[in-house]
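For what it's worth, this note's numbering labels the leading residue of the sequence shown as 2, then goes sequentially.
Hints were generated in silico from the structure; no laboratory data involved.
Just to be clear, a hint being listed does not mean it is correct.
[Stated by the list, open to error] Straight-line alpha carbon distances no greater than 27 Å define the calculated BS3-like cross-link-like pairs of lysine-lysine that follow:
#	residue 1	residue 2
1	Lys46	Lys3
2	Lys46	Lys100
3	Lys46	Lys58
4	Lys3	Lys58
5	Lys100	Lys58
[To be verified] So the derived label-pair ranges between C-beta atoms look like this:
#	residue 1	residue 2	range
6	Gly54	Ile128	14 to 20 Å
7	Ala122	Leu59	23 to 29 Å
8	His97	Gly54	20 to 26 Å
Just so you know, even glycine gets a beta-carbon here, dropped at the ideal spot from N, CA and C.
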Amino acid sequence: YKLLYAGPSSPRTRLVVNPGTSRAEFVNVSDLGDNYAYGGDVLTKGSFVRIGGVDGKLYGINQTSGFQEDALSDRGGNVTLHTAFTLGQGAHVDAHTGKMVVDAYVVAPPTTCLRQNATAADVRDHIRQ
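Work the whole structure out from these sequences, hints included.
So, in structure tokens, the structure goes:
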């Protein structure tokens, strides 16, 4: 089995999503402080994001594009989610653009698998990798 943890202990970034589509944009988060990671540093093909807080849905990243390396740019880029983004309860979409800015917890895919008969200690150690 492969086990993922995407939550408050994971790197966090911000995405601009449009409900009903699988495309998301990441934005410059330098003005948000040290609690946010730049999307280009943590979002990679094959990684996963939990959008909508700890109770949010887990999405796979199928593709990344448009990363800007120039420090003077807005350092934005795009990701393609494995499925269209859907709204969670209490979500608010901008009435003019139809988009919303959301926090996303990011996790890389695991490189090892868990045995079927894994103990609690095995699971804990696997998550900490």
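Each hint tested on the structure:
1. Lys46 x Lys3: holds (17 Å)
2. Lys46 x Lys100: This hinted pair holds, its Cα atoms lying about 23 Å apart.
3. Lys46 x Lys58: Distance of about 18 Å is within 27 Å: holds.
4. Lys3 x Lys58: holds (17 Å)
5. Lys100 x Lys58: holds (17 Å)
6. Gly54 x Ile128: 14 to 20 Å: Cβ of Gly54 to Cβ of Ile128: about 19 Å, so the range 14 to 20 Å holds.
7. Ala122 x Leu59: 23 to 29 Å: Given a distance of about 25 Å, which is inside 23 to 29 Å, the answer is holds.
8. His97 x Gly54: 20 to 26 Å: Holds - the Cβ-Cβ distance for His97 and Gly54, about 24 Å, lies within 20 to 26 Å.
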